[in-house]
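Sequences and hints are given; from them, build the entire structure.
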Amino acid sequence: MHMRVIKTAFQVTVLFAAFLLLLTVNAGAMINGITGTTFNLTAKTGHISTPDGGSYLIWGYANGTGLAQYPGPTLIVNQGALVRVKLTNNLTVAGGGTPPNVSIVFPGQQVTIASADPGVPGILTKEAASGKTVTYQFTATNPGTYTYYSGTDSALQIEMGFMGTIIVRPTKGANFAYNHQDAKFDRETLFLLTEMDPRIHQAVENFGPAGVVGTDYLANYFPVLWFINGRAAPDTMAEPMAPWLPYQPYNCMPMMHPGEKLLMRVVGGGRDLHPFHHHGSHARVIARDGQLLASAPNTGPDLSTEVFTIQSQPGSTIDAIFEWTGKGLGWDIYGTAADGPEFIHTCNDTIVVDGFDDATHEYCADHDKPFPVTLPTNQELAFGGFYSGSPFLGSLNSLPPGQGGLNPNGGYTYMWHSHTEKEMVNYDIFPGGMMTMLLIEAPGVPIN
Amino acid sequence: MNSILKYSIMAVSVGSFLSMMSVFPANAGVSVQCPGDTDGSATWTGSEVQPPNTKCMHLGAGDGFITMADGLSQYIFGFSNLTGLVTRPVFPAPADDVMMAGMLGASFPAPPIVLDEGDEFYLTLTNVGMAVRPDLFDPHTVHYHGFPQAAPIFDGVPDSSISINMGSSLTYYYKINDPGTYMYHCHVEAAEHMQMGMVGNLYVRPAQDGTTKIYGGKTYTRFAYNDGDGSTGYDVDYPIQIGSFDSAFHNASEAVQPLPFALMVDNYPMLNGRGYPDTVNPASLPAPAENGGKVSQKESSLVTADRGQRVLLRISNLNVTRFYTLGSMGISMNVIGKDAKLLRGPDGKNLYYKTNSVTLGGGQSVDAIIDIPADAISGRRYFLYTTNLNYLSNDTEPFGGMMTEIRVN
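Chains as they are written, first to last, in my numbering: chain A, 1 to 448; chain B, 1 to 409.
Everything labelled a hint here was simulated from the structure, so no lab data went into it. Among these hints, one or two may not hold up.
Only pairs whose alpha carbons sit at most 20 Å apart, straight line, appear in this in silico SDA-like list of lysine to any residue [unchecked claim]:
(1) A/369 / B/35
(2) B/354 / A/295
(3) B/349 / A/369
(4) B/175 / A/295
(5) B/349 / A/297
(6) B/55 / A/373
Written out as structure tokens, the structure reads:
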């Protein structure tokens, strides 16, 4: 029964998101991040907020002189580029102690560090001491989804927020995940999954890294907050760069039309496994850790399989392609003449004969089939905030006062969430945490 | 006994109240929609004619009790099977029967749903209310977890569409196109309702069933998927659903206390709603007294097969707190499907693999075939158990929990 409290927040954030997305040209199709070949990252402190009212100290990689980010900036590079990442350590810690060294490791990349680099040797890589800079260099040889994260005191530093995503776009083009036709997509969304144990952040905020020494916080890790792209639901659905979330610039609001291909880039950013369940349909897992699931170089993802729950593993990445058409439901998702004259439409499968309407991707075999059941009366039902009042795609119907309202175009919405349902809470408040909604808009409704 | 009496009285009074409510608006209240069925029983009897490829089911959503393997009584939310109960005309008696049957009638796991490819499936869900928690007015839903090409109106996510209030019914429709091992659960306040027990087995048999295929020198007529070559043929199949309860959460719910979401840690690991050794009891467990004597744990996990037979295990996981690994000691599993898909690449490349363990998070499923050796000794037992060894317990009672046996006849 916490739902009602959250509902207003949903309403504000989602409507605002919809408004801002209208202003951003083409941003909905691509993942937010920074592009180029040279990246100046700065290690800093910041504070994230959670929808239950919490505020937690984080250590984050900032883009240049910007604010620390949770997660760090998504680095988007082109295949073949020589990438330089300069990391400057501007971390400060409570208690007056010396700030720890910081570093970055790049799993899946062949990193070189100049021998003259002022970085100091650490266990996994060279590190930047307080106030100093270290420069990493690699050639983005292979396309795909990768992570980067701290190589220094990783159990603490990654928990504190030193992690992010690298996307290497293939030479075949920006709308491909890999250099193969079967890796083409229309839209893409990042799902960087993390968890948080606030005891660690409170200890570091009060006492610096020394605050966790002598505790069992890292050994008996017990998360109570869960995030996608650094935000907990419903903030996941707010617009990117929301001014009230200055340290959490990235949202997670997948949107698409029927028949489009949505590339899901799922990154295990923390230390736990998460079963990420995407309602609506299966997704085809085409790659793991930047490796196309191919039996030979030119076969395409012939070793790929379809899943309804993506098993995200810590430190690992998965690329999956999700599609939805409503094929085979046995009723017309756009309604029939019996539902009213406004529902009259055609299904034309003539230009590309594939069983679907050439423009709308309606499944023509189900065209004009009536809705199969009688729905209960309004007083017998509870309504979701994303319910349009109608079972039909792109259609709205009246609802009792105060009900619905988050879905102004009558899209179909699907919950995408950790199926360790415990992780769908913000502390003790349900719903929240590792959750967002997929919005499938009717054909012709603009997205972006 | 006092509390039992209290619950029974509560059940009667809430039941009468709800069945009274159900006559108010036209078409409202308990209302089963099932083509060809005129008395609202979700079955076809007498002169009623079952349309081809049509299946119906009537589930109640409410609360109840189960008994854990160490004897602890546990309060649950759950589904009850009301199929077969006459619901028309609504007033006065038949709908009352439905409410009385559903009240405190929740079973764990939920009644299994077994479908065939090509079915048109009408599932009516009636919210019978929570007798033990009259302060709650929770709606309920059925989420067909994993059904491809879902539409929100029948997907059971309350945020995306509708859920049914107490005393009324909602009928879900699905055209069943894709065979495989799915699962179902209530999606209302999912962390709570699923922890409380609103989860169950659901699988779809393929159109290839009934055809004859020879594989490995043996003839099969039943298959996990439309494999084309009989490689998923089996002799016997068993749904095995992984689950676990946090007794502190259930106790808090029963005692109307704040629910410990963040502190949720499961201490009763189970297969099909029981901890070992109850898992190998082939019969229903005795009815708990607390629910007025309704049998609430009907699903055994005992697997029995003849030597040389192929056993299909339809393994799913609907716990809400962690990943579990199931190991098969002494006998290997051939994984032929995952998440209700035949394990083949897009060009048909076979990706089956043999293993002695499968790891599933909540909401994942695996189809695994076990070949019982032709020379296995009668009475031989193989064990299927979690290799997360600290979950081989029923709370403080060791050597129990998430384990069952595969017995050779």
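Hint-by-hint comparison with the structure:
A distance of roughly 16 Å separates the Cα atoms of residue 369 of chain A and residue 35 of chain B; the hinted pair therefore holds under the 20 Å criterion. For the hint pairing residue 354 of chain B with residue 295 of chain A, the CA-to-CA distance comes to about 19 Å; that is within 20 Å, so the pair holds. This hinted pair does not check out: residue 349 of chain B and residue 369 of chain A have alpha carbons roughly 36 Å apart, beyond 20 Å. Using a Cα cut-off of 20 Å, the hinted pair residue 175 of chain B and residue 295 of chain A is violated, with the two alpha carbons roughly 35 Å apart.
Among the hinted pairs, residue 349 of chain B with residue 297 of chain A is consistent with the structure: their alpha-carbon atoms are about 16 Å apart, no more than 20 Å. The hinted pair formed by residue 55 of chain B and residue 373 of chain A meets the criterion: a straight-line CA distance of about 14 Å does not exceed 20 Å.
In this structure, the hints that do not hold are numbers 3, 4, in rising order.
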